[in-house]
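Visitor: Quick mapping for you: the protein sequence lines, in order, are chains A and B. Our numbering numbers the first residue of the first sequence as 1 and each following residue consecutively. Our numbering numbers the first residue of the second sequence as 1001 and each following residue consecutively.
Warning: the hint list may mix true and false statements.
What the hints assert, rightly or not - Lysine to aspartate or glutamate pairs mimicking EDC-like chemistry, simulated, CA-CA at most 16 Å apart:
no., chain 1, residue 1, chain 2, residue 2
1, A, K34, B, D1057
2, A, K166, A, E135
3, B, K1152, B, E1070
4, B, K1197, A, E66
5, B, K1043, B, E1030
6, A, K122, B, E1053
7, A, K34, A, E10
8, B, K1197, B, E1149
9, A, K177, B, E1204
10, B, K1197, B, E1040
11, A, K177, B, E1007
12, A, K177, B, E1046
13, A, K177, B, D1010
14, A, K122, B, E1046
15, A, K166, A, D152
16, A, K34, A, E72
17, A, K177, B, E1040
18, A, K122, A, E10
19, B, K1152, B, E1130
20, B, K1197, B, D1134
21, B, K1043, B, D1010
22, A, K122, B, E1047
23, B, K1043, A, D121
24, A, K166, A, E153
25, B, K1197, A, D121
26, A, K122, A, E153
27, B, K1043, A, E153
Don't read these hints as lab results, they were simulated from the structure.
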Amino acid sequence: MDRNETLPPEIELAQLLQRCAAHDSAAFRTLYDKTSPILFARLLRMLRRRSVAEEALQDVYVRIWERAAQYEAGRGRALAWMVTIARYCAIDLMRRERMTLVGDDALAEVPDESAGDPLPDKPNNFDQCIGQLPEHTRNCLTLAFVEGRSHDEIARLTSNPLGSVKSWIRRGLLSLKSCLSAEGQTA
Amino acid sequence: MKSGNRELVDRLAAEYVLGTLRGRARRRFERWLVSPQVGEIVKAWEERLAGLEPRLDKVTPPSTVWRGIENRLELRRKPVTRWLAIAASIIFVVVIGFYTARKPPAPPALAATHQALIQENAQTVYWSVELLGDNQELAMHVQSTHALEPGKALELWVLPAPEVNNGQPVSLGLLPTTGAERRALTAAQRAALVGAKQLAVSLEPSGGSPTGLPTGPVLHVAALVPVPT
Chain A
1 MDRNETLPPE IELAQLLQRC AAHDSAAFRT LYDKTSPILF ARLLRMLRRR
51 SVAEEALQDV YVRIWERAAQ YEAGRGRALA WMVTIARYCA IDLMRRERMT
101 LVGDDALAEV PDESAGDPLP DKPNNFDQCI GQLPEHTRNC LTLAFVEGRS
151 HDEIARLTSN PLGSVKSWIR RGLLSLKSCL SAEGQTA
Chain B
1001 MKSGNRELVD RLAAEYVLGT LRGRARRRFE RWLVSPQVGE IVKAWEERLA
1051 GLEPRLDKVT PPSTVWRGIE NRLELRRKPV TRWLAIAASI IFVVVIGFYT
1101 ARKPPAPPAL AATHQALIQE NAQTVYWSVE LLGDNQELAM HVQSTHALEP
1151 GKALELWVLP APEVNNGQPV SLGLLPTTGA ERRALTAAQR AALVGAKQLA
1201 VSLEPSGGSP TGLPTGPVLH VAALVPVPT
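All chains should be modelled from the sequences, with the hints used to inform the complete structure.
Guide: Right, here's the structure in full:
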């Protein structure tokens, strides 16, 4: 594992994606070399098992190659675009494999949180807005987004009723949206 | 979009991006993603929730992963196939040369500017679609046969840029079930193709959609990419 390594520059990734859209396989290889350690770590965090994460990583890059033309260079966010594809692939794979992750014994595979660079796309005031939510809500959102847990799994993991988990998540998302848009206007 | 619908779409989009929309509800929602309005709502949630991304140590995957990707996308052609392809193109040129020498001149050939592959996955491509000569003509080639019940047809749509036709799909006509077909595009179709990045295929009654918009499920969405010159 590499610690604290910096992320590849966004502009470079955006250019590589545009070349992939034109079916440039050399650019695709470069893109893979630069980003696969980031996406693999992210998949391991959700899928926990190395063999499953390796399968998901193949799905992710097949999708990136096929959808490169849909990436809008003007919006930036090249790495965030790829991470989103990885998260969605992981969720699809969980469904396909009917995986239950609660009580999983393969936690050793999960990569450590690091002090490395955060993804370059955090909305302004995100920390302040998420900090305003009750702790149980924040916990539910993190379990869902970061680890890919379902409503049921979150309820079991946190020993809370399913109905509460669902309504905390729904209200948390609404508060987050209104807080971020209010901050966006004043900024 | 009505405001009630908008609220529902916003709620589903939020849970889709968060990952808690699962199973059949997730599949159903994915079909809505061809709508540019829904796409924009999802993108807004992706941008909002990006703040939850954890910082993780990188983990290098084993080299078998890249080999698997290469095989699935057929990025590496075997030398034998390459030689066969070269031989086939030489034969093609000779045959064409023979015919053009004998026949009256054909209408000028239009160059393909954009292409799309309508496919199930990397292994199964149903149609290759090309736009020729600055959106003057559309060429569709059947690569493998798509399953289709009797009394139904598959219709091809362009999903225009959001500012064109309010982002609503515009029909490019029915897809051929065998062989290949080439047809001229109308002014409306040409306008819808300017800046468009995606084509879609919907299941319709035979003869095509009666309403001018997709009425059946959208079965495929394909990226429309410029042909490298």
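Visitor: Does each hint hold? Answer for all of them.
Guide: A quick look at each hint next to the structure:
A hinted pair counts as satisfied when its Cα atoms are at most 16 Å apart, and A/K34 with B/D1057 qualifies at roughly 14 Å. Proximity of A/K166 to A/E135 is assessed by CA-CA distance (about 15 Å); at most 16 Å being required, the pair is judged to hold. With a C-alpha separation of about 36 Å, the suggested pairing of B/K1152 with B/E1070 is violated against the 16 Å cut-off. Between B/K1197 and A/E66, the direct Cα distance comes to roughly 13 Å. Compliance with the 16 Å bound is thereby established for this hinted pair.
Using a Cα cut-off of 16 Å, the hinted pair B/K1043 and B/E1030 holds, with the two alpha carbons roughly 13 Å apart. With a C-alpha separation of about 8 Å, the suggested pairing of A/K122 with B/E1053 holds against the 16 Å cut-off. Distance hint between A/K34 and A/E10 is fulfilled; the C-alpha atoms sit about 11 Å from each other, no more than 16 Å. For a cut-off of 16 Å, the pair hint linking B/K1197 to B/E1149 is broken: about 29 Å separates their Cα positions.
For the hint pairing A/K177 with B/E1204, the CA-to-CA distance comes to about 38 Å; that exceeds 16 Å, so the pair is violated. With a CA separation close to 15 Å, the supplied pair B/K1197 and B/E1040 stays within the 16 Å bound. Of the pairs offered as hints, the one joining A/K177 and B/E1007 holds, with about 13 Å between alpha carbons and a cut-off of 16 Å not exceeded. Our distance criterion of 16 Å between C-alpha atoms is met by A/K177 and B/E1046, whose separation comes to about 11 Å.
Between A/K177 and B/D1010 the CA atoms are separated by roughly 10 Å; this keeps the pair inside 16 Å, and the hint holds. For the hint pairing A/K122 with B/E1046, the CA-to-CA distance comes to about 10 Å; that is within 16 Å, so the pair holds. Proposed proximity of A/K166 and A/D152 is supported: the alpha carbons are some 9 Å apart, at most 16 Å. Distance check on the hinted pair: A/K34 and A/E72 sit about 20 Å apart at the alpha-carbon level, beyond 16 Å; violated.
Restraint check for A/K177 and B/E1040: satisfied, since their Cα atoms lie roughly 15 Å apart, inside the 16 Å limit. Proposed proximity of A/K122 and A/E10 is supported: the alpha carbons are some 14 Å apart, at most 16 Å. For a cut-off of 16 Å, the pair hint linking B/K1152 to B/E1130 is broken: about 24 Å separates their Cα positions. A hinted pair counts as satisfied when its Cα atoms are at most 16 Å apart, and B/K1197 with B/D1134 qualifies at roughly 15 Å.
With a C-alpha separation of about 11 Å, the suggested pairing of B/K1043 with B/D1010 holds against the 16 Å cut-off. For the given pair, A/K122 sits about 8 Å from B/E1047 by alpha-carbon distance, which is consistent with the 16 Å threshold. Between the alpha carbons of B/K1043 and A/D121 the distance comes to roughly 13 Å, so the proposed pair stays at or under 16 Å and holds. Using a Cα cut-off of 16 Å, the hinted pair A/K166 and A/E153 holds, with the two alpha carbons roughly 11 Å apart.
Annotation: proposed proximity of B/K1197 to A/D121 is violated, straight-line Cα distance about 24 Å (limit 16 Å). Proposed proximity of A/K122 and A/E153 is contradicted: the alpha carbons are some 27 Å apart, above 16 Å. Proximity of B/K1043 to A/E153 is assessed by CA-CA distance (about 26 Å); at most 16 Å being required, the pair is judged violated.
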